[in-house]
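Construct the entire structure; sequences and hints are all you get.
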Amino acid sequence: MVELEEIVEVHAAMVRRIATVYERYPDRVDDLVQDVWIAVWHALPRLNDHAMLKTYIARITQNICVTHVRRALVRQAQPLSDSLPDPAPAPDEAAAHAMRLARFVEAVRSLPENLKAVASLYLEDMPVKDIALALGISESNVSVRLHRAKSAIRLSFGDPS
Amino acid sequence: MTSLSPHDPLVTLWQTAPKPDTQHLLRDLQRLNRLHQRLNRSVFAIMCGTSFLLIFAEATGHVTTHGTLSVIWILGLVLGLVWRRRARCSRSDALTLDTVSLLESMIARAKSDLLVGRCLYAGVPCGAVVGFFVAKLAGISASPSAIAAHAYLHLIQTGAGMAALTAMMVTGAILARSRRLQVQELSEKLRLIKVDL
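Quick note, the sequences are listed as chains A and B, same order.
Numbering-wise (the numbering used here), the first sequence opens with residue 118 and increments by one.
Numbering-wise (the numbering used here), the second sequence opens with residue 33 and increments by one.
Simulated from the structure, these hints should not be mistaken for laboratory data.
Result set (DSBU-like, lysine-lysine): computed pairs, CA atoms no more than 35 Å apart in a straight line:
#	chain 1	residue 1	chain 2	residue 2
1	B	K226	A	K267
2	B	K226	A	K246
3	A	K246	A	K171
4	A	K246	A	K267
5	B	K51	A	K246
6	B	K143	A	K171
7	B	K51	A	K171
8	B	K226	A	K171
9	A	K171	A	K267
10	A	K246	B	K143
11	B	K143	B	K226
12	B	K51	B	K226
13	B	K51	A	K267
Computed from the model, here is a short list of chain B residues facing chain A with C-beta under 10 Å:
#	residue
14	L42
15	V43
16	W46
17	T48
18	D53
19	L58
20	D60
21	L61
22	D125
23	A126
24	L135
25	L218
26	K221
27	L224
Quick reminder that beta carbons are idealized off the backbone N, C-alpha and C, glycines included.
Shown next, in the form of structure tokens:
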């Protein structure tokens, strides 16, 4: 359990960020995150190359998020909310940053499925080769999608710099 | 491992998202692990207990079912093991396959489940009707003397048969509906991810 604790500590933020792209509602994000960590936990004994841990966990997260089937009817009945913290009680600068981040997450979330999968892994700083391997598509395909995803994000969100 | 664009402001902004509460997550994982172990132990104890009782009762002649209960029990165990093995395989698929291959295997599995669901809700009543007419034509039924001796037995048997048929049809309908939705949604995702640009 000690090893898992360390891994969770290092990669929990990444797993949650990817899950947030696929699910808007915090309770469903929690469920997804829990599913991912259970899968990682079960897979840990079989993992030989610890240098590839980040890629491996990102791939598991991506797979679990993409293949999770939504229950649209249930979801429509739920109130709209976001897993990002409410910016109201925070100081001005932090509140502005949180709002900016929320808009960014929304921009990524609203991408079509084929661009979203590539963008969510790219934003976790994964190289094109690993993204292609994780998704099972060619590297050139990843590059084209990445270009389109970044254009679409900049169009709806603006330039972050 | 080199990144494509280490100074991309989009990546920098993305990684400033607040860190989640890992202590809460770890507590949940530990709790789930304990529950899982407890459930495994309970299921194992129930299975051992029931098997022992069944073997004891049938071996000593307390139950005159001529091994029928044992056959049903072993069949249930085999089905349970197959289901468990399948669940384990589907969980390990997410760890070993890429997204496209995983979606393809999930669609194939959902389609086979859909077929089972359709067989249950459409095949079972058809089979029952065919079986009824075949039994009538072949003259297979309980003798009038047996029916007269156990007046309620015939009624109970018919009721139990109808209840089993209804349960199978309802299960089939629910399974088919959920798998149809799954096939639709996963196929759409696969089409979007697989499409060549």
